[in-house]
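> Could you build the full structure based on these sequences and the hints that come with them?
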Amino acid sequence: MTHSPTRHFILQRITAVLNIPILIFLLYLIFTIPGMSYDGVTSLFQKPLILFLSLLLTFNFAFHMKLGMQMIIEDYIHENKNLKLALLLNNIFVSIVIIGCTYSLLTL
Amino acid sequence: MNKPLSPHLSIYKFKLSLLMSIAHRITGGALYFSMIIFMFFLASLALGEQYYVIFSTVIGSWIGKLIILGITWAIFHHMLGGLRHFIWDIGKGFEVKTVDQLAAITLLGGVLLTLIYWLVFFII
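First to last, the sequence lines map onto chains L and U.
Just so you know, we're using this note's numbering here: the first sequence kicks off at 162 and counts up by one.
Just so you know, we're using this note's numbering here: the second sequence kicks off at 351 and counts up by one.
Hints are computed from structural coordinates only; laboratory data are not their basis.
Glycine included, C-beta positions come from ideal geometry on N, C-alpha and C.
All the given hints hold, so there is nothing to weed out.
Partial chain L-side listing against chain U, Cβ under 8 Å, derived:
1) 174
2) 181
3) 192
4) 222
5) 226
6) 229
7) 233
8) 261
9) 262
10) 266
11) 268
12) 269
Listed below in structure tokens is the structure:
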């Protein structure tokens with residue numbers, strides 16, 4: 162394990178619990194956005210509550226994704242060099258998601 | 351590396367709970383990469399209308415719709431699989447019968463929630 166397994170376990174569960182209310186927000190987005198115009202969607206994401214929930218979604222999903230993928234990597238990749246590379250790629254992917262989503266949301 | 355390794359997959363007898371355990375990882379992995387779609391959605395919004403039109407055309411195509419359908423199923427399945435883990439975390443549900451029932455609930459519940467969600471979507 163790269164870090165403390167207990168800490169990983171607890172953070173995994175905290176982000177998992179938080180994912181449930183966030184999921185309701187995501188299902189609401191998938192429900193409402195398809196019929197909307199570009200201006201409609203843009204102004205939706207400019208509302209403080211929607212912006213806040215979208216940022217929360219981004220960070221919580223990204224953190225949960227990082228932890229989950231890290232666990233899969235540590236279970237299946239045992240060769241030290243490959244393990245380090247896979248963990249690095251995981252961090253890079255999750256960082257791109259966080260930066261891409263956050264930057265887009267804040268420039269809307 | 352002094353980490354203990356899992357016994358190899360081939361020693362296990364096939365069970366639904368085994369399949370659901372793998373499905374939890376597969377849906378999790380699929381959702382991991384699906385976040386790219388959410389990022390592209392936000393990026394297209396931020397870049398301007400012509401980019402958003404491209405995004406919504408791609409996602410609005412039949413293959414795009416199929417992917418979104420698959421993602422919603424993966425979400426529900428992964429959520430139920432996660433709740434199953436929470437039951438185990440509090441030290442309950444380890445009886446073989448309960449484990450089998452939880453696996454069945456995850457499988458059927460995921461499909462059912464997806465159907466309900468999209469039925470409501472198309473009715474309203």
